[in-house]
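Line order of the protein sequences matches chains A and B.
Following the numbering used here, the numbering of the first sequence begins with 1 at its first residue and continues without gaps.
Following the numbering used here, the numbering of the second sequence begins with 1001 at its first residue and continues without gaps.
Careful, some of the hints might be misleading.
Below 20 Å or equal to it, Euclidean Cα-Cα: the simulated EDC-like pairs (lysine to aspartate or glutamate) are [unchecked claim]:
no., chain 1, residue 1, chain 2, residue 2
1, A, K89, B, E1317
2, A, K196, A, D31
3, B, K1183, A, E100
4, B, K1005, A, D31
5, B, K1005, B, E1317
6, B, K1005, A, D144
These are calculated hints, taken from the structure and not from any lab test.
One letter stands for each residue in the lines below.
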Amino acid sequence: MENNVILETEGLCKYWGGLKALDDLSLAFHDNQLHGIVGPNGAGKSTLLNMLCGHYKPTSGKILHRGESISSIKPYEFARRGIGRSFQKTNIYSNSTCLENCSVAVQRLMGGSFNFFRSRYSQKMLDEIATQALEKVGLGQRRDHIASQISYGEQRQLEIAMVLATSPEVLLLDEPMAGMGHEESQLIIDLLSRLKKEYCIVLVEHDMDAIFELSDQLTVMVDGQHLVTGSVDEVRDDPRVKEAYLGQGDEVY
Amino acid sequence: MLLNKRAERLFVWIFFPLALLMPMFLEQNEYYVNKLTTIMILSIFVMSLDYLVGKCGLITLGHAMFYGLGGYIFVMIAPEYEAVNFWIYTFYICAISATVAFVIGFLVLRTNGIYMIMITLAFAQMTFYYFSDSIDFGGTDGVFVYVKPETSIFGLSLFDLDNPTHFYYLCLFSLFNTLLFFKVLIRSRFGRLVDAIHENPGRTVALGYNIFIYRLVSYVVASALGAYAGYLFTLQYGFVNPSMLSWTTSGTALVMSILGGMGSIYGAILGTLVYEGLHYSLEHLTEHWLLFMGGLIILMVMVFKKGIAGFLEDLLEKRDGK
């Protein structure tokens, strides 16, 4: 593989009581690649993302960031290491403007978050970086709109803009196209195909067309187990995948 | 713009000039001057609570603990028969109560919601029973302050705390500064984080912030100001007693804050004024004033969903809309 491994899991497990949500998963995520993760409902995709961003602690196994184990660090430290995530359900500051949403993200890098007296609007550079993040996802014109008043698709874009505003290295995206119409999905697909040239992206998505189009690497998971990882064509032709998706019948998406 | 709502600007421009002139009309009537002074002091206390509850989303039922501590710390550290310097002791009291808040906040802020209410209440009750059972601090009678502090700065004595009018202006000045401080704070970079954490804590963590630290700083700041209000109250009446620490003090302050409009900061003054105004007028009308007071408060909370401040803002907005 010509691209560096940024994020890695080694024998990652997560048990909820007796339920194995994730069982012995070892994956590597590379720089400048989009790594798609698919699988039927309950396959452990979201659990995996929640662990990669530090939201859940693994029951056993390790998460490595650039070769360094980060399983035991605090959730907020994941973001500081450049691991940014978006959520399955839209998770934004809905009463604030789009710009303000991104400014919160930018401010962490600019510092001064313990400054009691300096106005939050006083620094032009902060505004500019936040605006750039919005423009990158195509929300430039929505800059001063209240986040709850833009369309659902735009809110999903805003969420990605917020992650971009933290200057991440890794983007963990949990179903960014969920609940979107065809045209809106196409916007996100275009966006992601641009972004994957610069970032290491881990994408969990139910939209098969999108994921086949975007993925450089594709992992299929079933019941918390790793089934197969490979290029899109390899995975598509794998008999085990056909069985997992088609054999069971009831879980077909 | 520091005051971003029209109702807010209007209120500040009416209230403070009026309050500045008030003692001239009440020159002969010391009772009313004292009454208004108490309202100012309470407003500072309610404002610090309003910041915690309304702005930070940290619901505490133990804020009276710091109000009481403000007074008790003073009687603990000040010599009994000697006038100390007001400004130096203001610093001491704020610093000591901030330290206490830091330690307690460390434990309290691990919880949230209903659990936080219970834990803050538990700490406040512990403090309450400690002081009300303690012989050194006069039990339920509390402690008298025989000598009030002097107020000189570099040998220049500007005013006298024994003079009610002077004391009134000191409290008004303190209230104005507290309001200004919170307004600047909310508009600051730190305030951006306060807003973000209140609206969506999970998202703020995902953006890489350690939200615990921000909450702790807010808790410490608000507690120190609560203690300052308690210190002023002690100086006004010349004594401290455990009722300042009681949970009813916290509860009343919470009612005032909700009545005024939670999170509006200036609403704390409105809430305190209206509550104390009602208290005063009903007390003179009937023996069962608490009954009517309760009814009226229920009614007001039902009518003014966002408090009096929210009601005024909506009113002005509607008028502008037409």
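Right, here's what the structure says about each hint:
no.	hint	in the structure
1	A/K89 x B/E1317	violated, 33 Å
2	A/K196 x A/D31	holds, 9 Å
3	B/K1183 x A/E100	holds, 18 Å
4	B/K1005 x A/D31	violated, 48 Å
5	B/K1005 x B/E1317	holds, 10 Å
6	B/K1005 x A/D144	holds, 18 Å
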